[in-house]
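Asks: These are the residues of each chain, in order.
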Amino acid sequence: MRDHLGEREGVTVLPVSFATAAQVDDHVRFFQWPFPFAVDPERALYRAFGLGRASAWRAFGPKAVVNDLWLRLRGRAMGPSRQADVLQLGGDFVLDAGGVVTYACRPPGPDARPPFTALREALRRTARGAPGSAAGGPQGPPPAA
Amino acid sequence: MALVDLGSLAPEVPFTWQGEAVTLRRFRGAPVLLVFLRHLA
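Listed in order, the protein sequences are those of chains A and B.
Residues 1 to 145 (our numbering) are what the first sequence spells out, left to right.
Residues 1 to 41 (our numbering) are what the second sequence spells out, left to right.
Computed Cβ-Cβ distance ranges for the label pairs, DEER-style:
| hint | chain 1 | residue 1 | chain 2 | residue 2 | range |
| --- | --- | --- | --- | --- | --- |
| 1 | B | 18 | A | 75 | 28 to 34 Å |
| 2 | B | 12 | A | 129 | 25 to 31 Å |
| 3 | A | 128 | B | 18 | 25 to 31 Å |
| 4 | B | 26 | A | 108 | 28 to 34 Å |
Source of the hints: derived by calculation from the structure; they are not laboratory data.
Every residue gets a Cβ at the ideal spot worked out from N, C-alpha and C, and that includes glycine.
Excised from the complex, chain B in its bound form:
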């Protein structure tokens, strides 16, 4: 797979984390494992 730079993928996509609106830029500086869940059950 070609590596994808989030600078062109999802740099400013907002979501809520610990009650705050953030983007993935918030987590730069260390490796991140994103686990996208299916529905909660």
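Just chain A, same shape as in the assembly:
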């Protein structure tokens, strides 16, 4: 994924987890992920980027159940540890070289993430210095001040 998203061209792909460092280490070893994670157990970055929590309906409703079953049927491997908070939402952001957010996607539920092509295009536009690539994904609420 990192290669496809342009890390070879100087783009840094930084996955962020709110798990503890020990939990992340367990997963990195289990899945043999070759890249470093940002560990944010206090969720300060999550809050700064306006990432809230899903409703129980969004997290456990029919769409989420079907999506989870589909992933399991496709053979998704399960990692070694479980976190209690399954309602925390994720998100995807592109920052330019100066730290300005040029793309933001804050999905309203756990079963919605931007397509790979949207992220790749946002990175390309940002690398070219073209702002305003945020139109590709759901924005959600603005970040906390």
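Starting from the structure of chain A, add chain B where the hints point.
Replies: Using the frame of chain A, we list chain B on its own:
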């Protein structure tokens, strides 16, 4: 969406990266894709 400068958003929010306490300032100088995960499973 209005572009948001991290200078006013999250300049000094600390997190751990490769065992060190850093902020997003550490990554300036090149585009960054931040992927905030949900729970690990």
